[in-house]
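Asker: Whole structure, please, built from the sequences with the hints as guidance.
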Amino acid sequence: MEQKRLSKEEQKELENLVYNYKTTHKQGFLFSEEMEILKQFPNINIDKYNDAMRGNTCQMDEKGGFIIYHCDVFHALLCGLENRDLTLEEWD
2 MEQKRLSKEE QKELENLVYN YKTTHKQGFL FSEEMEILKQ FPNINIDKYN DAMRGNTCQM
62 DEKGGFIIYH CDVFHALLCG LENRDLTLEE WD
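Numbered per this note's numbering, the sequence shown spans residues 2 to 93.
I should point out that these hints are in silico values taken from the structure, not numbers from a laboratory.
None of these values were measured; they are calculated from a predicted model.
Wrong hints could be hidden among the right ones.
[What the hints assert, rightly or not] Straight-line alpha carbon distances no greater than 25 Å define the calculated DSS-like cross-link-like pairs of lysine-lysine that follow:
#1 Lys40 with Lys13
#2 Lys23 with Lys9
#3 Lys13 with Lys27
#4 Lys23 with Lys40
#5 Lys64 with Lys27
[Claimed, not checked] Derived CB-CB ranges, DEER-like:
#6 Ser8 with Pro43: 16 to 22 Å
#7 Glu63 with Asn84: 18 to 24 Å
#8 Phe42 with Gly66: 35 to 41 Å
#9 Leu89 with Lys23: 29 to 35 Å
Every residue, glycine too, gets a C-beta built ideally from N, C-alpha and C.
Answerer: Written out as C-alpha cells, the structure reads:
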C-alpha cells in the first residue's frame, strides 16, 4: 500500500472531526466511540492505526472502561490514512 499524505485542509477536517466528536467523556473516546469513528474510514490501514495506538496512556472511567485521548485517536487516524508509522513528534 502506497503512502499518501493528507493535505493541510484534510488534516484540519480530520482534527475537527476528532476533537468535536460527541463523546461520553470530555477527556476522550470510549472503545465503542473509537469503533464508531473508525467506521467512517473503511479504507484505513488498520494495522498502521493499531500500531500507532499501541502503548498509549489513557484514563479509566467509573465503570472501568478506558478513555482514549483525542490526540491519540487523531494521530492514529493520520497514520492509518497515510499508511505510515508515528513520527517522533507525534509520540507521547
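Asker: For a C-alpha distance cap of 25 Å, please report whether Lys64 and Lys27 respect it.
Answerer: Holds: Lys64 and Lys27 sit about 16 Å apart, inside 25 Å.
Asker: Quick one: are Phe42 and Gly66 within 35 to 41 Å, going by C-beta?
Answerer: The hint (35 to 41 Å, Cβ to Cβ) is violated, given that Phe42 and Gly66 are roughly 23 Å apart.
Asker: Using the C-beta atoms of Leu89 and Lys23, is the stated range 29 to 35 Å upheld?
Answerer: holds (32 Å)
Asker: Please work out if Lys23 and Lys9 have their alpha carbons no farther apart than 25 Å.
Answerer: holds (23 Å)
Asker: Just to be sure I understand the hint, the distance between the Cβ atoms of Ser8 and Pro43 should be within 16 to 22 Å; is that true here?
Answerer: holds (20 Å)
Asker: Next pair to validate is Lys13 with Lys27; report whether the Cα-Cα distance is within 25 Å.
Answerer: At roughly 20 Å apart (the allowed maximum being 25 Å), Lys27 and Lys13 satisfy the hint.
Asker: Under the criterion that the straight-line Cα-Cα distance not exceed 25 Å, is the pair Lys40, Lys13 satisfied?
Answerer: Given pair Lys40, Lys13 holds - Cα atoms ~19 Å apart, limit 25 Å.
Asker: Could you check the hint for me, namely that Glu63 and Asn84 are 18 to 24 Å apart, CB to CB?
Answerer: violated (37 Å)
Asker: For Lys23 and Lys40, compute the direct alpha-carbon distance and say whether it is at most 25 Å.
Answerer: Given that 25 Å is the threshold and the Cα spacing comes to 15 Å, the pair holds.
The structure is inconsistent with the numbered hints 7 and 8, although it conforms to all the rest.
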